[in-house]
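Chains as they are written, first to last, in our numbering: chain A, 1 to 486; chain B, 1 to 120; chain C, 1 to 487.
Calculated directly from the structure, the hints in this document are not laboratory data.
Warning: the hint list may mix true and false statements.
[To be verified] With a Cα cut of at most 25 Å, we get these calculated DSS-like pairs of lysine-lysine: (1) 26(B) with 415(C); (2) 98(B) with 381(C); (3) 106(B) with 97(C); (4) 415(C) with 48(B); (5) 85(C) with 98(B); (6) 85(C) with 106(B); (7) 248(A) with 106(B); (8) 92(B) with 16(A); (9) 92(B) with 18(A); (10) 108(B) with 85(C); (11) 67(B) with 381(C); (12) 387(C) with 67(B); (13) 346(C) with 37(B); (14) 97(C) with 108(B); (15) 67(B) with 346(C); (16) 126(A) with 108(B); (17) 126(A) with 67(B); (18) 26(B) with 381(C); (19) 80(A) with 346(C).
This one's a predicted model, so the numbers in the text were calculated from it and none came from an experiment.
The chain contents come next:
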Amino acid sequence: MKVTPIIGLEVHVELKTKSKMFCSCDAEHFHIDPNTHTCPTCLGLPGALPVPNITACEWCIKLGLALGCTANNISFFERKNYFYPDLAKGYQLTQYEQPFVVNGKININDHEIRINRAHMEEDTGKSVHIIENGEELTLIDYNRCGVPLVEIVTEPDITSAQMAKDYLLKLQQIIRYLDISDADIEKGSMRCEPTINLKIEEDGQVFYTPLAEIKNVASLTGVQNAIDFELKRQLEEFKETKEVKNSKNKTTRGWDAAKNKTFLQREKEGSSDYRYFPEPDIPHIEFTNEQIEAIRSTISELPDQKIEKYKSVYGLSDYDAIQIAADKYFAQIYESVVTSESDNKNIKEFAKFVANLFLGAIKTYLNENEQGLDQSKINPQFFLDLFKSVQKSEISSTVAKQVIIESYQSAKNPIEIAKSKGLIQVSDTNEIERLAKEVIIANPKAVEDYKKNPMSVGFLVGQLMRISGGSANPQMAKEVLEKLLQ
Amino acid sequence: MISNYNINFEAKILKNKVKYTMSSMKISPSDLDHIAKLARIELSQNEKEVFLPQLESILDYFDVLNKVNIDGVAPTYRVNEQNNVSRQDIIKESFSQKESLSTASKTKNGYFVVPGTIKK
Amino acid sequence: MDLQNINFQQIRQLLLNKKISAKEIAQFYLDRAKNIDPKIKAFITITEKEALKQAEIIDEKIKNNQNLGRLAGLVMAVKDIYLTKGIETTASSQVLKGYIPQYSSTVYQKLIDEDVIVIGKTNTDPFAFGCSTENSGFFTTKNPWDLDRVPGGSSGGSAAAMSADLCHFALGTDTGGSIRQPSSLCGVSGLKTTYGRNSRFGITAMASSFDCPGVFAHTAADIALITEITAGKDEKDATSSNNEVPRYTELLDSVDLKGLKIGIPKEYFSGSINEEVKDKVMEAALEFEKRGATLVDISLPSTDLGIAVYYILVPSEISANMARYDGIRFGQSIENTPDITSYYMKTRGEFMEPEVKRRIIVGTYALSSGYYDAYYTKASKVRTIIKNEFLETLKNVDVILAPVSPTTAWKIGEKVNDPLQMYLADVFTVCINVAGLPSLALPCGFDKSNLPVGFQLIGNYFEESKILSIGHQYQKFTDYHNQKPKL
Chain A
1 MKVTPIIGLE
11 VHVELKTKSK
21 MFCSCDAEHF
31 HIDPNTHTCP
41 TCLGLPGALP
51 VPNITACEWC
61 IKLGLALGCT
71 ANNISFFERK
81 NYFYPDLAKG
91 YQLTQYEQPF
101 VVNGKININD
111 HEIRINRAHM
121 EEDTGKSVHI
131 IENGEELTLI
141 DYNRCGVPLV
151 EIVTEPDITS
161 AQMAKDYLLK
171 LQQIIRYLDI
181 SDADIEKGSM
191 RCEPTINLKI
201 EEDGQVFYTP
211 LAEIKNVASL
221 TGVQNAIDFE
231 LKRQLEEFKE
241 TKEVKNSKNK
251 TTRGWDAAKN
261 KTFLQREKEG
271 SSDYRYFPEP
281 DIPHIEFTNE
291 QIEAIRSTIS
301 ELPDQKIEKY
311 KSVYGLSDYD
321 AIQIAADKYF
331 AQIYESVVTS
341 ESDNKNIKEF
351 AKFVANLFLG
361 AIKTYLNENE
371 QGLDQSKINP
381 QFFLDLFKSV
391 QKSEISSTVA
401 KQVIIESYQS
411 AKNPIEIAKS
421 KGLIQVSDTN
431 EIERLAKEVI
441 IANPKAVEDY
451 KKNPMSVGFL
461 VGQLMRISGG
471 SANPQMAKEV
481 LEKLLQ
Chain B
1 MISNYNINFE
11 AKILKNKVKY
21 TMSSMKISPS
31 DLDHIAKLAR
41 IELSQNEKEV
51 FLPQLESILD
61 YFDVLNKVNI
71 DGVAPTYRVN
81 EQNNVSRQDI
91 IKESFSQKES
101 LSTASKTKNG
111 YFVVPGTIKK
Chain C
1 MDLQNINFQQ
11 IRQLLLNKKI
21 SAKEIAQFYL
31 DRAKNIDPKI
41 KAFITITEKE
51 ALKQAEIIDE
61 KIKNNQNLGR
71 LAGLVMAVKD
81 IYLTKGIETT
91 ASSQVLKGYI
101 PQYSSTVYQK
111 LIDEDVIVIG
121 KTNTDPFAFG
131 CSTENSGFFT
141 TKNPWDLDRV
151 PGGSSGGSAA
161 AMSADLCHFA
171 LGTDTGGSIR
181 QPSSLCGVSG
191 LKTTYGRNSR
201 FGITAMASSF
211 DCPGVFAHTA
221 ADIALITEIT
231 AGKDEKDATS
241 SNNEVPRYTE
251 LLDSVDLKGL
261 KIGIPKEYFS
271 GSINEEVKDK
281 VMEAALEFEK
291 RGATLVDISL
301 PSTDLGIAVY
311 YILVPSEISA
321 NMARYDGIRF
331 GQSIENTPDI
341 TSYYMKTRGE
351 FMEPEVKRRI
361 IVGTYALSSG
371 YYDAYYTKAS
381 KVRTIIKNEF
391 LETLKNVDVI
401 LAPVSPTTAW
411 KIGEKVNDPL
421 QMYLADVFTV
431 CINVAGLPSL
441 ALPCGFDKSN
451 LPVGFQLIGN
461 YFEESKILSI
471 GHQYQKFTDY
481 HNQKPKL
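So here's chain A without its partners, still in its complex pose (with noise of 0.2 Å):
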């Protein structure tokens, strides 16, 4: 029996606008007084109107852009139907037929992922459900509702709960060098809907078990578990009851966090009818190809081509690369210290010099004191100059990340906060002998290991480190010391 898992996703993105999409309110719903950012549309009175906002299609047809699709020229909403109380009209507005976006890719491993389409749709609003005097109760809070989303639906190419999560990472990564969403799984600004099932082979036959869409995933680790769960009670249940995919036995589960699993959520009715026709309110949008390739333009740099980069023209490691292009903001700060080395010849090494001490000592520092990076504090002068000392060997490369924190904090020229502590490294071969001399008194045995086995010279040498408060030349110790017990 062979078994392949297909997955495809379905996420749901909020866009960070500043209003919401069909109507002027404020578009924040977080932490905010219950039905406080409403107005007739999107509480959905009688008589109300939509009125889309040109920056959330704009930044729709930017991402589907930079995940490879093709955008529409003329587009439309229409009406999707169903009644819940947090969808205000009894119907939601959304795309169909023609969306703005479709048919990208994204690759994960050298494994394509395509995309079949990215739409702009509206959020519903909050419910909550209380228990009071008995009575069940639902609470509902208008304030998200006509919040802009975006939609972004793959085709079922995902076969791993772990390529699920690369994906998703992926695609949060590019939603945030956009700057058009915070794309936070755990603040629900980024929803993922994984659709599973699975292709069995067996005895020269085929089957595929019926598709089960995951609802109320809320983190990326829900995600991977619930993918993981599912594959295998599909292949239980089909082994149990043999049942294939057709066209009414797709089903909706929900996933319970804490017990571990999904569970049916509802009846298996075969696909709702939602009833979709194109929404009157609205004329068509249309994008020339100018528009297109002007909102294109506003493309920056995406991780992909930072990686690239930072690989042939700054010589870092993969795992360097990958670390430093994670946060836009973050590569930027880099790139901006890295580019004002001007002499070429040097790029290189000064690249790695610079994200050695970003990746080895300030994100650390960043990490440890839960802070952002604050481009204000990074002086590319700085790094030049700490560049130049270790080359002259006047400060080792532990110093250097020691002072880097320091000039951070305090604003203060590195170079300067070293001399000020003693760090400039002695490589004044006469201080290095009094030292290495004093080394070799102190440390008897050493020296008779060292007699034995030279390779052992690392010691004496760590010795006189510490001897040397850190601040000699570790090669010139370590080459005084051979002289000296030769």
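Starting from the known structure of chain A, arrange chains B and C on it as the hints suggest.
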């Protein structure tokens, strides 16, 4: 041989036509129940009995469109259309919470209230 | 002072010259409403408090020599599907009984901003679904010309109020004839504008691609003034037109009747049309011919498809537009239901009137899976055919003249049991809505029972100034618009 075949063929079609007409009810009682549920409108038994023949005659009337040649005709969804009507991403004043809730029959702590959505 | 029979300009002069106060005007109409409305029941709500308050503001402005709005001194009745902030708006349906909106319709607000006085909210078929007001969730309005007969609909209350001189002008909407038909049945003038000319924001939506807010008055000239104020782009309505609004009042004599080519569509003068109606409408056409116009025989062969197209597309849009009426944020609701689905079913089932339910069901059916192409898509394509037919025809004639209703006002109760028969009475109005064209309805005579007959002048998109001018001149050489019912 060929003419015999034609006669038999036509007779078959005629028979089917008659069968079709007899069972061509456009909206059955269960259809009506299904549509009423989709539209979330409860109909009394009396209403169903009154509506069914009325709806049947209305839907039958629509058959007049079957004779129209619509080949190559594009649909009109919006008359007199001006494209690209949109608005800038600017925030304007919303209702206050009080204004928002002023027309609701049931509210609680700033929320609209509906009876429970989870089956007990 | 007999305020009933003086025109807009006269009343304004009296006000500006301080011969009469706004309060006196308001009180006159409030008293008139109290005396006459019980007979015809045009009003759902008489807005006494608001009227007197508005009058007070006007009188203050006059006292302080401040600028007055263009409509100061005029009294307006408003179809109860227009949302009016702070004033109960029912749409003549139990669904919205007691609903006090937090905002106003754009058209209404524009008129208020010009210092008009609101006298009341008028009866209609519920949510404008109907052509007689008999579907109203409250009561049926009576035709002032014969209290046993319908005023037409859906804007029957506004037409009746106009006919009985309970106001100077009245607001209505025309989705399938709902201004023109009651105008004709009640002997007043009414304008359906081009789709998109007036903003739909703040008016309960019936069919989004058909609804046209418009005005009733006694004359085309009065309609021109009001339309000049209401028309124009509204940033809150994406379907409202960018086209500049002409000064209709200054263009009333702009059309030269000599040489005017008037199309007479044969399909509108045959079939179900009553002979007397046909004769009176032809008389109107001949009046134009006497003054130099040319009557051109034309054919609009797709006319008989209009009802089917209309009654597929309109209920489809209705079914979605009515989904918001769930009693949660506004409107009446049912308590103590076991779950959300039954809450919706029972609330909507309890308060929606039969015609409201019928149209939602037809629309839901037409949009549903398996039927969408056969009904909705097909009707949308035939819509294109009907529209193009008009546009082709209007290349060869300047305007089209036709009857509005196949009959004069029928007796209350006569057609209520057969919805399809009621729908078929719209045959001469719906195609104009399907195409989105403007049309002006004017009184052109009376039948043997002294019931009003009306006709319509249909123009191309945004040709309101043309049809208003033709209508204005017609009303210079006829007197039907000045005839009033005896009440």
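Hints versus structure:
1. 26(B) with 415(C): The given pair, whose Cα atoms are some 24 Å apart, holds under the 25 Å limit.
2. 98(B) with 381(C): violated (46 Å)
3. 106(B) with 97(C): Within the cut-off at roughly 16 Å; holds.
4. 415(C) with 48(B): holds (20 Å)
5. 85(C) with 98(B): Holds, at about 15 Å.
6. 85(C) with 106(B): holds (21 Å)
7. 248(A) with 106(B): With a Cα-Cα distance of about 39 Å, the restraint between residue 248(A) and residue 106(B) is violated, given a limit of 25 Å.
8. 92(B) with 16(A): Cα-Cα ~16 Å, so holds.
9. 92(B) with 18(A): The given pair, whose Cα atoms are some 10 Å apart, holds under the 25 Å limit.
10. 108(B) with 85(C): OK: residue 108(B) and residue 85(C) at ~24 Å, within 25 Å.
11. 67(B) with 381(C): Between residue 67(B) and residue 381(C) the Cα gap is close to 13 Å, so the pair holds against 25 Å.
12. 387(C) with 67(B): Roughly 18 Å between the alpha carbons, so the hint for residue 387(C) and residue 67(B) holds.
13. 346(C) with 37(B): holds (11 Å)
14. 97(C) with 108(B): It holds: about 22 Å lies between the C-alpha atoms, which stays within 25 Å.
15. 67(B) with 346(C): Distance of about 40 Å is beyond 25 Å: violated.
16. 126(A) with 108(B): holds (15 Å)
17. 126(A) with 67(B): violated (49 Å)
18. 26(B) with 381(C): Given that 25 Å is the threshold and the Cα spacing comes to 22 Å, the pair holds.
19. 80(A) with 346(C): Distance ~23 Å between residue 80(A) and residue 346(C) Cα, so the pair holds.
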